[in-house]
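Enquirer: Now for the letters of each chain:
2 protein chains.
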Amino acid sequence: MVLEAIRHAGAIARIDIAKRSGVSPATVTSITSELLAAGLIEEVASRGKASARGRPRVALKIRGAAHRVAGIKVSQRTTTVCILDFEGNTLGSHETPMPAPRLSPERMVEYLVATLAQACRANGLRAEDLSALGLGIAGIVDAPRGLVHWSPTLAERNVDLRALLRQRLNMPVFIDNDANLVAKAEQLFGEGRGVSDFLVVTIEHGVGMGIVIDNRIYRGTRGCGAEFGHTKVQLDGALCRCGQRGCLEAYVADYALLREAGVNMQTTGADDPATGLEALFRAAKAGDETALTIFRRAGRMFAMGLANLVNIFDPALIILSGERMQFDFLYAEEVLEAIRGSVVQVDAALPEVRIHKWGDLMWAKGAAAYAMEGISEIAVERLAGNVA
Amino acid sequence: MVLEAIRHAGAIARIDIAKRSGVSPATVTSITSELLAAGLIEEVASRGKASARGRPRVALKIRGAAHRVAGIKVSQRTTTVCILDFEGNTLGSHETPMPAPRLSPERMVEYLVATLAQACRANGLRAEDLSALGLGIAGIVDAPRGLVHWSPTLAERNVDLRALLRQRLNMPVFIDNDANLVAKAEQLFGEGRGVSDFLVVTIEHGVGMGIVIDNRIYRGTRGCGAEFGHTKVQLDGALCRCGQRGCLEAYVADYALLREAGVNMQTTGADDPATGLEALFRAAKAGDETALTIFRRAGRMFAMGLANLVNIFDPALIILSGERMQFDFLYAEEVLEAIRGSVVQVDAALPEVRIHKWGDLMWAKGAAAYAMEGISEIAVERLAGNVA
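Which chain is which? The protein sequence lines are X and B, in order. To convert, take the position in the first sequence, counting from 1, and add 136; that gives the working numbering. To convert, take the position in the second sequence, counting from 1, and add 136; that gives the working numbering.
Just so you know, not all the hints are guaranteed correct.
Same chains, same label: a pair holds when it works inside one copy or across any pair of copies.
Simulated crosslink set (SDA-like; lysine to any residue; CA at most 25 Å straight-line) [stated by the list, open to error]: (1) Lys-197 to Pro-308; (2) Lys-197 to Leu-261; (3) Lys-155 to Ala-520; (4) Lys-197 to Asn-351; (5) Lys-155 to Ser-166; (6) Lys-493 to Glu-459; (7) Lys-197 to Ala-520.
Keep in mind the hints are simulated off the structure, nothing from the lab.
All chains should be built: construct the whole structure from the sequences, respecting the hints.
Expert: So this is what it looks like as structure tokens:
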């Protein structure tokens, strides 16, 4: 708790830690001397005014050099690595193409180990310099167990990816669903700073969601929570790539838009989905009625899904996060209007909906931040073990 | 925390409180002596074996006589009162008809004050014997503020019902949405005991939901969360009594079933919704195809809504709670099968769905339990204030 208070504040005097945490000053002094001895924090001159006796006040901050952690975001085309110090400063990043959109567990592990080594070399580090790895992967992940129930990037189900990576890497490994790590990144570095309860929704190949309740990622009992993209918006509706019918994703994800375009338009014959989607978007912008009706229905379905989230969570904030925010039919004023028209009506301001465009590096940064949290917990547990 | 540990255990020795809570034995002794002095707990002979020296071991329990609290559940036809002692034992109950389905705030307050007085008299108590009142009401309630945004039982919106009741009653008043209080009752007395994360869904005049995450009721930012009944299951779908279209409630609530029955059937001409619903149910049981198709579609829509909850929350348990569990088409094996077919598929057991039939007294008991939690917090804060 003390470590988190220091991380949150940046630099903070002992007495202010006591005030904010409700822990007695004596206990704070005792805990912080343990953290100092372990090299996790360091003393710096406080920016505040000096004490009455003219002595400069001393503040505590996280010691950046204490640990270096890597975060990896795996997607079907590229993999992004981000390396942070223990203070959260970015030391470097690296991007490599995926050898294939879907890999066997063994090839995935080989590829990730090699990618991590490359990223270290490219940034003048050795693999031994890292204290932990955080990994974000699309799909259904049981984060506490490090188990990937299913991922579009893995050729097998129920892969104990953490155990496989631990066999090859001499460091703790933390794995989570990539949308949860976007939520983590938004919480620490983005639009979610200082907000205790918020939702993050991402639209890319699929529709992802991260839930932050009481400052913590909510994952569900089996790690299968927050599957917003597979909530049903239509009984017996459109076929989803998950095999079920009527999923929100089957109306708003890339493949859903292209599927409709494929039926009625010649504009999007491209093999590459990204190119096809660009073409569809250009056609809509140019006023093509078919393209417009595709985006508009997707927007209405998206609004219905978001309104359902508001009706269930009543969050302070919803962040629509990702790289493709240029497809603005999904984020248009008429979509926001449709949300307003579908939520329970009370005389209180609606949750704010913020649109946040950022790239794969931020996802990787979220993964690294997740590893940093993990390594902090391990360090504190070790300290508590020494004390006891 | 110590008080909750004692309440949870029933009777527990000081040393076991220390073990379970991670607080030092010295601190437990100090806190429990404060609680003893304040009369909130008392010492009893432990049921465990005597200590080595033959001295009987002493356990601590909640002192039932410390406080008496009342819980009231308001519904459109009747109001139920339940009185508990501080240990949670039921001291008495009382039921009165509502003078009208919908009351002005002033009449509601008059009615509740009179009902509470009646309930006290009927159980040999005076109003002054009560330490707190908990009130459960259908609608949208901002519980921390005691504000009723909207209720089908109130003729006005944005009623500060807590302030109005406080003016008339010389005790703290705690108000919440009735479904949240069912969740509270399930957590303390029902199927939710020992489960940290679960959902409660009720179907009566409307569809309600209570969310328990990490042992606490989740209410959302404005108290408008958990509005499961108004999540949309169909774009531009059936008209709901809230004025919007496609709400789950507009397919599965009493009025939705009767609306469909009214179009095509002569069996349900009764003015009384309860009688009409009974007739529709009997017709379905007797094999009437129209009645069957009404219940079956409702069941499929209900399954879709419940599957969406599983996809979002991945809870350990869903409790379908309420009085009308006899309408078993909504809870039939084919509904559970439809849920299984609409949730994200992983190789892990599905959340358990339990059906729990209970009446208005349990809702009132949940309201009383909510008041008991509130009065405990006040008592502990008062103690902390005395100590500081």
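Enquirer: Next, verify each hint and record whether it holds.
Expert: Tested hints:
1. Lys-197 to Pro-308: This pair counts as within: shortest intra-copy Cα distance 24 Å, inter-copy 44 Å.
2. Lys-197 to Leu-261: within (24 Å within a copy, 59 Å between copies)
3. Lys-155 to Ala-520: both (22 Å within a copy, 16 Å between copies)
4. Lys-197 to Asn-351: within (21 Å within a copy, 34 Å between copies)
5. Lys-155 to Ser-166: both (15 Å within a copy, 23 Å between copies)
6. Lys-493 to Glu-459: within (5 Å within a copy, 48 Å between copies)
7. Lys-197 to Ala-520: within (20 Å within a copy, 32 Å between copies)
Consistency with the previously given hints is maintained throughout, with no hint failing.
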